[in-house]
Amino acid sequence: MSDELNINKKKKNQIKTKSSTASGRGETDIDYVRPAELPEQDLYHGHSFITKWIFCQDAKVIGIQYTLTAVFTGVVGLILSWMMRMQLGFPDLFPFLTAETYYQMVTMHGMIMVVYLLTALFLGGFGNYLIPLMVGARDMVFPYANMISFWMFFVAVVVLMSSFFVPGGPTGSGWTLYPPQAILEGTPGSGYGILLMLISLSLFVIGFTMGGLNYVITILQARTRGMSLMRMPLTIWGIFTATVLALLAFPALLVSSIMMTLDKVLGTSFFMPTIIKAGEALSYDGGSPILFQHLFWFFGHPEVYIVALPAFGIVSDLISVHSRKNIFGYRMMVWAIVGIGALSFFVWAHHMYVSGMSPWFGFFFATTTLIIAVPTALKVYNWILTLWRGNIRINTVMLFCLGFILTFVNGGITGIFLGNVAVDVPLSDTYFVIAHFHMVMGIAPLMVIFGAIYHWFPLVTGRLLDEKLGKWHFWTTFLGAYSIYFPMHYLGFIGVPRRYFEMYDSPYMTSAIGMNEFISVAAFIVGAAQFIFFYNLVKSLRLGKPAGKNPWQANSLEWLTPDVPPTHGNWGEKLPVVHRWAYDYGVPGAKDDYIPQTTPPSEVRDAEVEKT
Amino acid sequence: MTEAKKEQTSTHKIGIYLWIWGLLFVLSFFSYMVDWYNFQGLLRWSLILFFMFLKAGLIMAFFMHLFWERYALVNVLLWPMTAIACFVSLMMAEGKYTVFSRLFYFFVGGA
Amino acid sequence: MSDINLDKLPGGFKGMSEDIGSDQTTFKGVNWGKAMMWIFLLSDTFVFSCFLVAYMKVRASVVEPWPYPSEVFALEVMGVPVPLLLIAIMTFVLITSSGTMALAVKYGYEKNKKMCGWFVLLTAIGGLTFVGMQAFEWSKLIFHDGVRPWGNPFGAEQFGAFFFMITGFHGTHVSIGVIFLFIFARKVFRGDFDTGKRGYFTTMKSDYVSIEILGLYWHFVDLVWVFIFAFFYLW
Amino acid sequence: MFTGFVFLAVIIGSIIFHVWTPWWWTDIASNWSAMDDTIILSFWIGGGVFILVCLFMVYCIFRYQYKEGRRSEYKPEDKKLEKGLTWLTTIGVVALLAPGLVVWNNYIRVPDNAIHVEVMAWQWGWKYRLPGEDGKLGTSSNRIISDDNPYGLNIDDPNGKDDVFVESNELHLLKNRPVKILLRSIDVLHNFYVPQFRSKMDAVPGTITYYWFEPNKNGDYEVLCAEYCGVAHYAMRGKVVVENEDSYNKWLDEQETFSSFTAKNRNNKLKEKKLVKINNLSSQKNSILRKQNVR
Ligand code: HEA
Ligand code: HEA
Ligand code: CUA
Ligand SMILES: [Cu+2]
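Protein chains in written order, with this note's numbering: chain A, 1 to 612; chain B, 1001 to 1111; chain C, 2001 to 2235; chain D, 3001 to 3295.
Simulated from the structure, these hints should not be mistaken for laboratory data.
A portion of the hints provided could be inaccurate.
[To be verified] Once the Cα atoms are required to be at most 30 Å apart in a straight line, the calculated DSS-like pairs of lysine-lysine come out as:
| no. | chain 1 | residue 1 | chain 2 | residue 2 |
| --- | --- | --- | --- | --- |
| 1 | C | K2014 | C | K2114 |
| 2 | A | K549 | D | K3075 |
| 3 | D | K3180 | A | K591 |
| 4 | A | K277 | D | K3161 |
| 5 | A | K549 | A | K471 |
| 6 | B | K1013 | C | K2187 |
| 7 | D | K3067 | A | K468 |
| 8 | C | K2140 | B | K1013 |
| 9 | A | K277 | D | K3067 |
| 10 | A | K539 | A | K471 |
| 11 | A | K591 | A | K545 |
| 12 | C | K2197 | A | K574 |
| 13 | D | K3180 | D | K3217 |
| 14 | B | K1096 | C | K2008 |
| 15 | A | K574 | C | K2008 |
| 16 | C | K2205 | C | K2140 |
| 17 | B | K1096 | D | K3127 |
| 18 | D | K3239 | C | K2014 |
| 19 | D | K3239 | A | K264 |
| 20 | C | K2140 | C | K2187 |
| 21 | A | K264 | B | K1096 |
All figures in this text were calculated on a predicted structure; none of them were measured in a lab.
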């Protein structure tokens, strides 16, 4: 991957021969990078405290702002899940947990975790921090819009949280917000709660669009010299594709929010057919509840990949760095990410097999859904093939990666169960689904987030996190979470429906009381274990081992800034020039077992790099 | 982004804009005529869609300069439309299915 | 902006694969702001598509009769109802403004301050006319015909709801466009784009590319109207 | 080392849990054993892949742990291996999908001899309507539901006259006779789900949805609502009794039909009040049907 990007390059096979004999070529030619197409970026340097830290236009600061806000919502979501588990494991023990509050907690838990924690953290947090650094830009291309983006998100979070304090409380309609139920009495929070939720989501979408345009354009149009798309770290590919998905999928959410708001406020009948409430017909007529479901899942399914793809990308990089081996089948990985992204727009109705939509759709959507398994499977294979014949450092980061692989494969395969339309019929809307998506979305990407934080914390703060605490954190989280969700599948087999406040006395459901208690206890432990992590963060911030430059001996650009942690503008005097992909680990003939992306071929003459 | 050297973005003769402009008027007029003459059925739909796509194509290609843009941009913009096409066609099927079951099981005033 | 000479790059699909394989920029010779506007419009296309898809789905599934748009939107001219007359005029106005915008962009390329400014201003006025006629149409529907979002005298309830929502959303786009057109007309006449004055909020330097970017947005608004016209008024 | 062992333990533990689990599906009481079979098939294929992938990972952890000075292999790509794996996965996917689609095809095609049963869901409970002698259900409308006409039936529809009302949450079904469940809701989404029958479908207000099954084991079964429908969703239970002909007929005889119901309520001036409106409506319906064909 160290060929020159000569503008006049002709045929592919020619390049191959050229680069494999790189050592034999003239100096100037080897290190050739073409001239800069872009002038230096204009940066806005803040001068006061406010412009430096609050309304800051530096993507790195914005990334941290996003991360902190998202983690705050995550903690709220975690506490809500604790309360849910209290009720499910030990009903009657907590009289303040009524059915109303329970459903409000389920809803807020789901929405917060999916949208306000994972989406914001991966794209807003990691995206902002890493994109400019990894592609070699000084900042995002529109720093001002980027700053607005965060504040929109912040307002969205404030609006969301404020719904806890309005009369009627937050909405309890389930995170899928299905009408008619979501806006009718009989559902908690059907007054202000649902409105605030819809407003908050709309704000989120608008704010995200501003950020998302930044991420996309920065990646497409502001890469540094030598940084071709096929040399970008997979992290960037994952975030990029996810952002594109978000830009195209969020519109459906925005539109359905607007329409539902109108149904609620103006009494239009988009989603509302004739409804009899308390013996009286409401004024609605002729609307289509299933339309909402289509719109929601046209957003919702891409959404789950929006949280999965960045995780795929990041974990690829982490695995590669910590097993000191190039990522296996980079090209295939890129195509798989893009392919999964594209396909995800054609599978949405697999959430609706038993929704009463046209039954013929089942064939189409089952087929498209299972097709997604193929590119996803390739990614899994390539992760483990990267470990194979590697030189694996079993540190906290790697542990989280391994935990990710195991839980993701497990959850993905249960996804295949559900995608196969006939199998979904008995399992849909049971705890099997809950188990599926917690495995694949609740744990797997969280594992990546934790791994990524252990990995990049030294970059952000200049200090390493404590390994010992990290290992404790990993083992409790991984084993605990696995023992929450693995048994949960079997609840679904029994037939326990999801969103049940209480199991009552159905014989086959009461047989699971013991399991529910066990799950709850495990959930408390896992939740508590996160405080080890928070303690670790706070402690290491001040007392952690100084990391120095590039503590992991990584290749990608973010570690190669002149200052660590990087300062505003990232690159000091001159933008870096990239000569190779980010995965030249263990290259035969090279002195070190890693060759940073900026190293020109002339400096590693004897390395037998292959073009990939 | 500052010192823009605009020389390479070749400008186009004014004639082409005027042509397209005129064509758009004519096409709009035609699609208006579809309604005026009250064509029905398949003919109506093919005409409406034909004029619609033609107009949209002209605006995108010439007014928005897509015709002169490089394929990288053009393809990035057009491929996502397949998702929309899929969505539209499936929703039409769904709408038909709904109306069928409504008429079959309900009587009007119901639904 | 760039040192590369676009004419020397291969075109077509070959050029595409080379652009995508190249470093620095994927869209060669495309300004950041312009690339952003394109991607934004792509996203906005999905917004409008979702509105229209929802409309089609609901319209295809209501059993109440759907009001007949060419009659609902007819105007009386000397006692004779002419179907869709106002809509036809609105369409022509919007296309006209699109044409003037195209010319404004052309003169923007040529850094012809005066012509560019005038055409931007003309476009703004065209847009304003459109919004005005839309306001007239709305008030006619509301006050004269008694159409409401939650019901109407002609048939299916959703008629009014979708009408107000979709044209309202489109009208909002037009109005935003008009505001920006006026702002940019002022900027052009003031010579911001010749001197590279820095923007108030973003502190970025002004450039004639902005006119092109604004043009993209304006043409998009016109484009959406083509679809609304076909699906809402002609169906 | 330690890491490898723990991961190994997790894999083995999962298998053991699966094999010895006391929590498993309820005994099936309908014809959908094919669904169970596809689940089992999915377990074999999916479980196999899970075990293989994870075991390979554990192997790598053991075999390639960090050693100072060792170099990892440098091999960016192996086209052949990747191609092979792609094909293998594709085969696996097809093996899962094909039977699934066949079962689904059966699921959406209702046999001709199925009894039609309308399940009417409301917040929060169930009611049922059976066709009378004629085997046909009359058309209905939620708009005209009232105390006089609890199912909102079309009085002019002759098919509806002999419809049987079951105004309780208990439904009786004949053993070994397919039933087509027609789901109707008067307010929000619900889902008529009996775990032992394996099948389910949402009830959607504003339309009628359906599914079918053939109960094949006598007994009492609990109906669960499997689509979130508001605060009392979890308490929205019902009961299905599957029984033989004799007891079924006995139960059927105890139920009221639409005409007997209206007769009982004659003094409620149902006829006069509603008939007018309904006549208007049905003529409208014809015109719409015509219009639909035209445009
Ligand atoms: C990160 C999030 C995420 C991810 C990645 C996935 C991945 C997948 N999901 Fe999941 N899903 C959710 C989040 C996610 N899901 C959520 C949140 C819900 C519920 C929403 C709600 O209702 O509230 C849900 C619900 C859900 C349903 C609806 C269930 C129902 O409500 O009835 C279905 C049905 O098709 C489904 C399918 C799939 C499939 C086929 C995949 C595939 O992409 C998985 C592919 C991966 C693999 C297959 C594993 C690796 C492959 C191999 C090791 C190769 C070998 C495999 C074979 C040969 C089979 N999911
Ligand atoms: C990413 C998404 C995510 C995550 C992480 C979780 C985490 C958890 N979830 Fe949840 N859950 C959902 C998404 C998620 N959930 C969704 C979408 C629903 C559906 C809602 C609906 O039906 O409408 C749902 C529903 C749901 C139910 C079903 C309720 C019902 O149907 O009645 C249950 C029941 O046990 C449950 C439990 C838990 C538990 C015990 C945890 C956790 O306690 C697991 C352990 C916790 C962790 C592993 C760490 C948590 C992370 C943080 C605190 C942030 C950390 C900070 C940094 C990253 C720096 N969840
Ligand atoms: Cu009815 Cu849930
Ligand atoms: Cu999905």
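(request) List, from low to high, the hint numbers that the structure doesn't satisfy. (result) Violated hints: 1, 3, 8, 9, 14, 16, 18, 19 and 20; rest satisfied.
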